[in-house]
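Q: Residue-level listing of the chains:
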Amino acid sequence: MSDPVPFLFTVVLLSLVANIGISLYGVFTRPSLVKKFISLTIFSDTLNSFAIAIGFRRVIGSYPSAAVLSSLPREPGELSAFASAAVDPLPQALVLTAIVIGLAVFMFLAGLIAMYYRHYGTTRMV
Amino acid sequence: MLAVGLLPLFLMGAAFALPALSLVVKSPRFYRAYATAVSLVGLLIALAVFLETRGGKVVTYRFGGFRAPLGIVYAVDALGAVLGLLAAFVLTMSIVYSTWMVRSRSEHLYYTLMLSLGAGSLGCLYTGDVFNFFVMLEVLSLSAYALVSFYRDNPKAVEASIRYAIVGIVATSLYLLAAFVLYGSYGTLNMADIALKARNPAAWTPYSGWVFGDVALSSAIAIALSAWTFTFKAAVFPNHFWLPDANPEAPTPVSALFVAVIDLIGAYGIIRFLYTLFGEGSAVSALRYDILLVLHVLGALSALVGALLLVVQTDIKKFVAYSTISHMGLAFMAATTGTESGVSAAVLQLISNSLSEALLFYAAGIAIVAVGRSIEGVGFLRRSRVASVAFIAGLLNLFGIVPVFVGFWSKLFILMALLEVGYLASAVVLVASTGISGVGYVKLIRYLARSSPEPREDPRLRSLAAPAVVIALVTSALVALGVAIVAAPEIVKIVMEAGAAAADYASYVRAVVGW
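One line per chain: the protein sequences are W and G, in this order. The first sequence runs 1 to 126 under the numbering used here. The second sequence runs 1 to 515 under the numbering used here.
Chain G with its partners taken away, still in its complex shape (with noise of 0.2 angstroms):
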């Protein structure tokens, strides 16, 4: 299916062709307008492709008509459709909201980068090739370096940036050698091709050839390098130091994507590393029980260590990073229980997280204009309806005890999948993280009831219709999301065959490779 192949190459061709376009045109609007309209195709063709995978169907596309191990495929399954169309649609909102918050005279810039970001993210959900896979990295992380410091005459933007700069380059450099460790050792550098000699190291495959070496080892290795990046992506302990530091000095709208759509790339990896090419079965079955169990507790780690921090945060900023953490931690607990049950119940968290902790920011947006970034800025909310009960909903939704939310659903389904493997003291976790992060959310909901420091004049918040429409739309798609899992069993379907797919490796080889 063209669209597959087509989407990442169509927004990165989108992103530069803005710079030259803004050699002509120089106004602000065209840039604001363009970047809207091509990330809402984006969108629409993110949710082709998602309707296109229904049923479990896998997705392809041959770059230059190459078959499998010759050219880069990418392949999309249920799993990287349902969080491309997420990543599509949090990057929509994040340019409509910038459409408001961000004044620059490099605006143009700032487009760009916002759309090779999204055309980073979407590579990685949709690419079918090892190594294509850390080129679409690259071209997210350096967007990402970029956007930190887009506010250049800030020293604590530039600063922030090159500390995550410097540890994102070593973390994606890993992931290189992660790369060539699996090609040295499988002949091949396509997902599919490693996935079938993963589990059969017999098997021959055109131009690929047989597996050279020790596969058990090299892969192995591969995944302890590549499980170093991805964790690092996914801001999980003991790699999430970046995203509270790097976090506050983005603007805000590009803090959203941080926080819904980096950390998503991170978990994915993980979940098509360790289940779809090494799955249950493979060449590393032997280990994968002890890494799984490792990335379990770092993930629990990762989900206290989140909790505590963020009770005693005050910037508003670095509140919502730690909470992700503590979020992406019970993610990660989810999707390393090994059963296909425990990745349904991440991919439902990760919906859960990247929509409430994106709309916090959208929220939380309008008063960091108005005061600044502190903790009592969001007093100021109270005088937008909207942004006030979306501000509520989105805590409420990360609490995660109000059935009405898809934050509720999705903690019952980790729940559930902790306890169908038997960890018990993952489940005690759990309830612990979000008994402790209930204490900062609560806190959040009384200073919210307070009043705020005097706001400044700025002529943004004269009108306040853009944000208005982001925040409506993102908080709806939580309660629908919610409701719709009491009321309508598709959604518990669409999840549910997202983690078989992660683990149904022999039809994602089928359409790879054609066996």
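Pulled out of the complex, with its shape left as it was, chain W reads as follows (with noise of 0.2 angstroms):
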């Protein structure tokens, strides 16, 4: 094992694809709301890890840094060295607004099931 970057990266990805598909068995059978409701935010959460998986680029020889600049650049070649460090700060805001509209979603979500708790006295769905 000469190079252990690119086999992590590859484990990595595919325990995502393995966990999109437990998420998924989780929300298609189990009976109990809260359940499904737990797969549910795994299953979005796996999405968005995926995405900062995208993002990712690899530096040799250092690690990788945020997209963030914490002091304005003075000299002409700092700007160039940052921008060859920094991982892609797309996919990033793009898991932000996706994080937003999931807690929307999910805080809706959970007082519907709420409401469903007060209807029937139950949370499991035949």
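Note that these hints are calculated values from the structure, not bench results. Incorrect hints may have been included.
As the list claims (entries may be wrong) - With the Cβ distance kept under 10 angstroms, some of the chain W side facing chain G (calculated, not the full set):
{"no.": "1", "residue": "F7"}
{"no.": "2", "residue": "L90"}
{"no.": "3", "residue": "F108"}
{"no.": "4", "residue": "R118"}
In this text, a Cβ means the ideal position worked out from N, Cα and C, and glycines have one as well.
Combine both chains into one complex, guided by the hints.
A: Structure below.
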């Protein structure tokens, strides 16, 4: 194993795919609405992690940095050095949007499940 | 053009101003007038956008003034504009109908959700950005889930909403994954930019650069994932189950929006993805034929399953839901022939289906108020001449054998598009599903001739002016379109332009990215 990074990256991607399968299994087979709800949140979090993984970039000999300029660049080379080490910021912006939308959707769904419990006295869906 | 970007934002802003206004003004009359006025202005803006796109023009609006791959661009071609006009029309009609039908303590929230549903659907039709499509899809879906459970004291409505929401969240999340995959491969979320790079993988665009990795593979994955979402939204077999499940529990004007607007978005998504983004000669052209064939078979199955199940329904709302499934199947069959005339036929079928299924709901809504959802209740409609005539007109339009209505011409166009590519079996499916569903439509007309169960006292039944206006307008739209196809070639031209615009990726790309 000369280079562990591509190997680890593949492991991460494959486990994300497996996670999608497991969470969908939970959504469609568990009769409890609360468990369906938990599986759904796992599902959407997995997709968001997947997006973050897409934005990942490998920097040889160093770690990738977050796409945040902490100080104003003073020298001409500083900005291009930053750009070559920073990860892609766009997937993070997308995930931020998706999380906010997910928050609204899941709040709504939680409210519905509570209402279901008030009507039927159970969270099992037959 | 400012109106393109303005319309979804206007509806959204107006929707969320309403809860704030409700703190000051506590009159249901005000909420009804406000929602009607807002939707009418929306309809006028949609009409202006539609007129602007005539002659194959692509109208764009850059949010914040950022150029194409950098910012979100709304781009409307003839296809999006026609469907947008249709969606705005049905939204307006449903809101006017609601002013008569919906009585609740939280009416302001009802109209907020209706307007945001409209904003979401128009955003989906107008956007030129893959991720913005997802955001608008979520706006649309969340409003739809909430509207199903609007009568939250009814346990069945809550249950239907939960079922719909859980599967809907999975479906839209799969679209989100497709958007991520596209971004990872193309380095852009702009539809025009993707369309350009799918045709020419060596293309370079400022800010988004070159493509990355195996474009054909990632495009195929993205199409596979998003096809799930689009068939779900369009209620095409095997993702049709939510429509007859959620539809009956929603308030009737919302049911009309479900069959007329939400289904439209699914079909639009398929056409946009498989013609504009990944059309003829794109990176996926080796797989494209198979993808189209699979969707074609699903459309045919959906047409048959919908027609077969429609005949046995005893709930009028489920009846219309299955009728929609059958007719959306036909639209899918036309849209997946791979030809421009097929897409044009699909657009005409969408117009015919949306107007007449909505019309059936508007007419049957009077019987639902008086007697209930049972199919025997339609006998009540004989007391209102407008409603009974409109009900028969809607059924005949869906049956599609009377050339006065647009339904006849849409089925004829579909038949011609199918024969053009030599899909004889599909033509047989079209005729068979028309025949089978015809049994159901005739059954419904016979129930109309019989007397209904004793109606209950309801103050709403004293004045039927608002529903009569809505019903008369939609009926005359159906007949006017049908007659205009013979009398004025202009209507045919509009539909043909929409079909041509879907496949004309070059002008789309030129208008948005500026190449």
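Q: Where does the structure disagree with the numbered hints, that is, which hint numbers, in rising order?
A: 1
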